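Novice: Sequence:
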Amino acid sequence: MIDRLLVFSNPQVQKLLKEDFIPVAADDWYQRRRKDSEGEFFRKVADQGPRSSGGTRQGHYVFTPGGTLLGYNNNRGPDRRLKMMRDSLKKWEELPREARSAVVRERGKIDERYVRTLPDDVQVIKVYTR
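Residues 110 to 239, numbered by the working numbering, are exactly what the sequence shown covers, in order.
FYI, nobody ran anything at the bench for these hints, they're computed from the structure. Predicted, not measured: the structure shown is a model, and the values here were computed from it. The beta carbon of each residue, even a glycine, is placed where N, CA and C say it ideally should be. Mixed in with the good hints, there may be bad ones.
What the hints assert, rightly or not - Derived EDC-like pairs: lysine to aspartate or glutamate, alpha-carbon spacing no greater than 20 Å straight-line: (1) K200 - D156; (2) K199 - E128; (3) K124 - D188; (4) K144 - E215; (5) K218 - E147; (6) K144 - D220; (7) K192 - D129; (8) K218 - E149; (9) K199 - D129; (10) K200 - E128; (11) K153 - D137; (12) K192 - E203; (13) K200 - D129; (14) K199 - E215; (15) K192 - E202; (16) K124 - E202; (17) K124 - D196; (18) K192 - E128; (19) K144 - E221; (20) K153 - D229; (21) K127 - D196; (22) K153 - E215; (23) K127 - D188; (24) K200 - D188; (25) K127 - E202; (26) K153 - D136; (27) K144 - D156; (28) K218 - D145.
Said to hold, decoys possible - Pairwise CB distance ranges (calculated): (29) D188 - E215: 40 to 50 Å; (30) G176 - V236: 36 to 46 Å; (31) G186 - D230: 40 to 50 Å; (32) D129 - E149: 20 to 30 Å.
With the hints as extra help, turn the sequences into a complete structure.
Specialist: Next comes the structure, spelled out in C-alpha coordinates:
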(Lines of atoms letter the chains of each structure in order from A; the text may use other names.)
(Lines give C-alpha, C1' and ligand atoms only; values in the text may rest on other atoms or scores of the structure.)
Protein backbone atom coordinates (compact mmCIF):
# COMPACT_ATOMS: atom_id res chain seq x y z
CA MET A 110 0.00 0.00 0.00
CA ILE A 111 2.81 2.41 0.77
CA ASP A 112 4.04 2.02 -2.83
CA ARG A 113 0.84 3.64 -4.02
CA LEU A 114 1.39 6.60 -1.74
CA LEU A 115 5.09 7.16 -2.33
CA VAL A 116 5.74 5.89 -5.84
CA PHE A 117 2.59 5.46 -7.88
CA SER A 118 1.14 8.82 -6.85
CA ASN A 119 4.22 10.53 -8.32
CA PRO A 120 3.20 12.35 -11.54
CA GLN A 121 6.46 11.46 -13.31
CA VAL A 122 6.02 7.76 -12.53
CA GLN A 123 2.40 7.94 -13.70
CA LYS A 124 3.42 9.62 -16.96
CA LEU A 125 6.10 7.02 -17.72
CA LEU A 126 3.76 4.14 -16.90
CA LYS A 127 1.02 5.59 -19.06
CA GLU A 128 3.16 6.49 -22.07
CA ASP A 129 6.11 4.08 -22.15
CA PHE A 130 5.27 0.88 -20.27
CA ILE A 131 2.68 -1.87 -20.15
CA PRO A 132 2.06 -2.45 -16.42
CA VAL A 133 1.43 -6.03 -15.31
CA ALA A 134 0.56 -7.14 -11.79
CA ALA A 135 1.18 -10.70 -10.63
CA ASP A 136 1.10 -12.46 -7.28
CA ASP A 137 4.67 -13.50 -6.53
CA TRP A 138 3.59 -16.32 -4.20
CA TYR A 139 1.49 -17.94 -6.93
CA GLN A 140 3.73 -17.23 -9.90
CA ARG A 141 6.93 -18.67 -8.45
CA ARG A 142 5.16 -21.93 -7.56
CA ARG A 143 3.30 -22.50 -10.82
CA LYS A 144 4.38 -25.50 -12.88
CA ASP A 145 3.27 -24.18 -16.26
CA SER A 146 4.47 -21.79 -18.96
CA GLU A 147 3.31 -18.70 -17.06
CA GLY A 148 5.24 -19.73 -13.95
CA GLU A 149 8.28 -20.61 -16.05
CA PHE A 150 8.20 -17.17 -17.69
CA PHE A 151 7.89 -15.43 -14.32
CA ARG A 152 10.85 -17.36 -12.90
CA LYS A 153 12.88 -16.76 -16.07
CA VAL A 154 12.48 -13.00 -15.62
CA ALA A 155 12.83 -12.92 -11.82
CA ASP A 156 15.88 -15.19 -11.76
CA GLN A 157 17.82 -12.59 -13.75
CA GLY A 158 17.41 -10.17 -10.85
CA PRO A 159 18.86 -10.10 -7.34
CA ARG A 160 16.18 -12.40 -5.85
CA SER A 161 16.94 -15.61 -7.67
CA SER A 162 17.56 -17.70 -4.54
CA GLY A 163 14.24 -19.53 -4.68
CA GLY A 164 12.46 -17.52 -2.01
CA THR A 165 10.40 -14.42 -2.58
CA ARG A 166 10.84 -12.62 -5.86
CA GLN A 167 8.73 -9.67 -4.86
CA GLY A 168 9.59 -6.40 -6.55
CA HIS A 169 9.08 -4.32 -9.66
CA TYR A 170 10.53 -5.66 -12.88
CA VAL A 171 10.92 -4.16 -16.34
CA PHE A 172 11.35 -6.82 -19.01
CA THR A 173 10.96 -7.47 -22.71
CA PRO A 174 8.15 -9.59 -24.18
CA GLY A 175 10.72 -12.36 -24.57
CA GLY A 176 11.66 -12.25 -20.89
CA THR A 177 14.92 -10.29 -20.83
CA LEU A 178 15.20 -8.31 -17.61
CA LEU A 179 15.88 -4.61 -18.19
CA GLY A 180 15.46 -3.33 -14.64
CA TYR A 181 14.52 -4.30 -11.09
CA ASN A 182 13.65 -2.30 -8.00
CA ASN A 183 11.96 -3.05 -4.71
CA ASN A 184 12.56 0.34 -3.13
CA ARG A 185 9.64 2.57 -2.21
CA GLY A 186 11.40 5.83 -3.00
CA PRO A 187 10.05 7.53 -6.12
CA ASP A 188 13.49 8.87 -7.15
CA ARG A 189 15.05 5.40 -7.18
CA ARG A 190 12.05 3.95 -9.00
CA LEU A 191 12.16 6.71 -11.61
CA LYS A 192 15.86 6.08 -12.18
CA MET A 193 15.25 2.36 -12.65
CA MET A 194 12.39 3.04 -15.07
CA ARG A 195 14.40 5.55 -17.11
CA ASP A 196 17.47 3.29 -17.21
CA SER A 197 15.26 0.39 -18.32
CA LEU A 198 13.64 2.50 -21.01
CA LYS A 199 17.07 3.48 -22.32
CA LYS A 200 18.06 -0.21 -22.50
CA TRP A 201 14.78 -0.93 -24.32
CA GLU A 202 15.45 1.76 -26.90
CA GLU A 203 18.93 0.32 -27.54
CA LEU A 204 17.56 -3.17 -28.26
CA PRO A 205 17.28 -4.38 -31.84
CA ARG A 206 13.71 -4.41 -33.14
CA GLU A 207 13.42 -8.21 -33.05
CA ALA A 208 14.25 -8.24 -29.31
CA ARG A 209 11.28 -5.96 -28.63
CA SER A 210 8.71 -8.53 -29.70
CA ALA A 211 7.94 -12.14 -28.92
CA VAL A 212 6.25 -15.01 -30.63
CA VAL A 213 2.97 -15.86 -28.93
CA ARG A 214 2.88 -19.59 -28.35
CA GLU A 215 0.21 -21.92 -27.07
CA ARG A 216 -0.07 -21.69 -23.30
CA GLY A 217 -0.01 -25.43 -22.84
CA LYS A 218 -1.34 -27.11 -19.73
CA ILE A 219 -2.23 -24.65 -16.96
CA ASP A 220 -1.31 -25.42 -13.34
CA GLU A 221 -4.82 -25.13 -11.96
CA ARG A 222 -3.65 -25.13 -8.35
CA TYR A 223 -2.66 -21.49 -8.80
CA VAL A 224 -5.43 -20.20 -11.02
CA ARG A 225 -8.24 -18.72 -9.00
CA THR A 226 -11.60 -19.11 -10.70
CA LEU A 227 -15.10 -19.07 -9.34
CA PRO A 228 -17.46 -22.01 -9.78
CA ASP A 229 -20.09 -21.55 -12.50
CA ASP A 230 -22.94 -21.21 -9.99
CA VAL A 231 -21.34 -18.33 -8.05
CA GLN A 232 -22.28 -14.69 -8.50
CA VAL A 233 -19.99 -11.85 -7.43
CA ILE A 234 -21.67 -9.05 -5.51
CA LYS A 235 -19.82 -5.81 -4.90
CA VAL A 236 -20.76 -3.97 -1.73
CA TYR A 237 -19.72 -0.41 -0.96
CA THR A 238 -20.30 0.92 2.56
CA ARG A 239 -19.55 4.14 4.36
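Novice: Against this structure, judge whether each hint is valid.
Specialist: Hints, one by one, checked against the model:
no.: 1; hint: K200 - D156; verdict: holds, 19 Å
no.: 2; hint: K199 - E128; verdict: holds, 14 Å
no.: 3; hint: K124 - D188; verdict: holds, 14 Å
no.: 4; hint: K144 - E215; verdict: holds, 15 Å
no.: 5; hint: K218 - E147; verdict: holds, 10 Å
no.: 6; hint: K144 - D220; verdict: holds, 6 Å
no.: 7; hint: K192 - D129; verdict: holds, 14 Å
no.: 8; hint: K218 - E149; verdict: holds, 12 Å
no.: 9; hint: K199 - D129; verdict: holds, 11 Å
no.: 10; hint: K200 - E128; verdict: holds, 16 Å
no.: 11; hint: K153 - D137; verdict: holds, 13 Å
no.: 12; hint: K192 - E203; verdict: holds, 17 Å
no.: 13; hint: K200 - D129; verdict: holds, 13 Å
no.: 14; hint: K199 - E215; verdict: violated, 31 Å
no.: 15; hint: K192 - E202; verdict: holds, 15 Å
no.: 16; hint: K124 - E202; verdict: holds, 17 Å
no.: 17; hint: K124 - D196; verdict: holds, 15 Å
no.: 18; hint: K192 - E128; verdict: holds, 16 Å
no.: 19; hint: K144 - E221; verdict: holds, 9 Å
no.: 20; hint: K153 - D229; verdict: violated, 34 Å
no.: 21; hint: K127 - D196; verdict: holds, 17 Å
no.: 22; hint: K153 - E215; verdict: holds, 18 Å
no.: 23; hint: K127 - D188; verdict: holds, 18 Å
no.: 24; hint: K200 - D188; verdict: holds, 18 Å
no.: 25; hint: K127 - E202; verdict: holds, 17 Å
no.: 26; hint: K153 - D136; verdict: holds, 15 Å
no.: 27; hint: K144 - D156; verdict: holds, 15 Å
no.: 28; hint: K218 - D145; verdict: holds, 6 Å
no.: 29; hint: D188 - E215: 40 to 50 Å; verdict: holds, 42 Å
no.: 30; hint: G176 - V236: 36 to 46 Å; verdict: holds, 39 Å
no.: 31; hint: G186 - D230: 40 to 50 Å; verdict: holds, 47 Å
no.: 32; hint: D129 - E149: 20 to 30 Å; verdict: holds, 27 Å
In this structure, the earlier hints numbered 14, 20 are contradicted, and the remaining ones agree with it.
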